[in-house]
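Asks: Assembling the complex is the task here: the two chains are given apart, and the hints tell you how they should meet.
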Amino acid sequence: EAGVAQSPRYKIIEKRQSVAFWCNPISGHATLYWYQQILGQGPKLLIQFQNNGVVDDSQLPKDRFSAERLKGVDSTLKIQPAKLEDSAVYLCASSLEYENTGELFFGEGSRLTVL
Amino acid sequence: AQSVAQPEDQVNVAEGNPLTVKCTYSVSGNPYLFWYVQYPNRGLQFLLKYITGDNLVKGSYGFEAEFNKSQTSFHLKKPSALVSDSALYFCAVRDGTGNNRLAFGKGNQVVVIP
Numbered sequence: 009e010a011g012v013a014q015s016p017r018y019k020i021i022e023k024r025q026s027v028a029f030w031c032n033p034i035s036g037h038a039t040l041y042w043y044q045q046i047l048g049q050g051p052k053l054l055i056q057f058q059n060n061g062v063v064d065d066s067q068l069p070k071d072r073f074s075a076e077r078l079k080g081v082d083s084t085l086k087i088q089p090a091k092l093e094d095s096a097v098y099l100c101a102s103s104l105e106y107e108n109t110g111e112l113f114f115g116e117g118s119r120l121t122v123l
Numbered sequence: 014a015q016s017v018a019q020p021e022d023q024v025n026v027a028e029g030n031p032l033t034v035k036c037t038y039s040v041s042g043n044p045y046l047f048w049y050v051q052y053p054n055r056g057l058q059f060l061l062k063y064i065t066g067d068n069l070v071k072g073s074y075g076f077e078a079e080f081n082k083s084q085t086s087f088h089l090k091k092p093s094a095l096v097s098d099s100a101l102y103f104c105a106v107r108d109g110t111g112n113n114r115l116a117f118g119k120g121n122q123v124v125v126i127p
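Quick note, the sequences are listed as chains V and B, same order. Numbering of the first sequence is given in my numbering, commencing with residue 9 and proceeding in unit increments. Numbering of the second sequence is given in my numbering, commencing with residue 14 and proceeding in unit increments.
Keep in mind that the hints were calculated from the coordinates and are not lab data. Check each hint, because a few of them may be wrong.
As the list claims (entries may be wrong) - Derived list of chain V stretches under chain B, where covered just means 3 residues or more per stretch with a C-beta under 8 Å from a C-beta of chain B: (1) 80-93; (2) 110-120.
What the hints assert, rightly or not - Some chain V residues near chain B, calculated using beta-carbon distances under 10 Å: (3) V12; (4) P16; (5) Y43; (6) G48; (7) S66; (8) Q67; (9) F73; (10) L99.
Don't be surprised by glycine CBs; every beta carbon is placed ideally from N, CA and C.
Extracted from the complex, chain B is given alone in its bound form (with noise of 0.2 Å):
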């Protein structure tokens, strides 16, 4: 079954300075790989996704993810933090052979610090 990594609880990054939020993955076949955002008392918020092609995949809000098979790894980074980037973030992975169930992973809290 697939399944998701995500290490950290939480982030803390100054404002302005590069914010990276980690994620491994493991799935049978080729994974989809999805981040979403949860803002407080919100349903989550598709972000980006990788299904095929170029391993840096660009989202919503300037956030981007780079994919790489080696790791297993889709990290989710943002050049420049802004206060309002604060959030929940989710890590997500479908086993792209069939079955079509979408994983969570336990999510990280991102606080960007004035």
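Okay, chain V solo, but in the shape it has when bound (with noise of 0.2 Å):
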């Protein structure tokens, strides 16, 4: 079975510029999570997807980051313009519903250095 697929793996940017990821999910995994990990933290929820639909976003900055899910299946994850502090590992999972005992499988990330 093929795992969560994201891309790209290491993105460096200056501050003030725009960046994109992307992820393809588990096939048929209902629900989508993109996760923030800075350096020496766990991973923060910044929004959560069930199909095409935001279930979550409350801890995603709205004002320069944005994701979509249009047809229920891949995702992107978008930061205009980036700042210092977004510097991180963009980590995407997915899980095969939306419910609390499941767990969550992860792909390898994307780190992103913004100087």
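Replies: And the structure:
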């Protein structure tokens, strides 16, 4: 079974530039998550989709971050304009259903460095 | 809101010795508890979970964890550590009463010394 795919793996940009990350979840997984993992901290949920609808985006900095999952499959996370504090690993995860008891399956992450 | 505390930054253990990684949690309802492991430059991998039932749960790679409701803890254990267990370990919790957000602790670096 193919895992969660993310690209690019690494990205270096200057502050005020824009960047986009792509995620393809495991086939059949209805729920998709984007997490931000800053060095030395645990992952923090940015946004959660159920199919193509947003379930939770309360921790997404909406003035600069946006995400979409138009067809309920793959997803794109965009940052525009980037700030120095956005340097982090952006993790995409998926799960089979919108329920509390299942585990999440994570991709390898996209590491962003903002200079 | 749910939260997790992992009090130690790094856990050092000699190979063959027991390994314990500590986790305490806070939720408003019944907790759903998880442990994940992260190897360098890799995504998080699921180890085990507690939803209900027996307080001692067994997971991948010989790991187990004990749910203690009175102490609001969910410590991860392994009877005999391997060098290959060296990694970053994250405890996570969901509130079982409806908030589906999974909150992670800051993680513990485990170093198994040969």
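Asks: Hint by hint, which ones does the structure fall short of?
Replies: Violated: hints 1, 4, 9.
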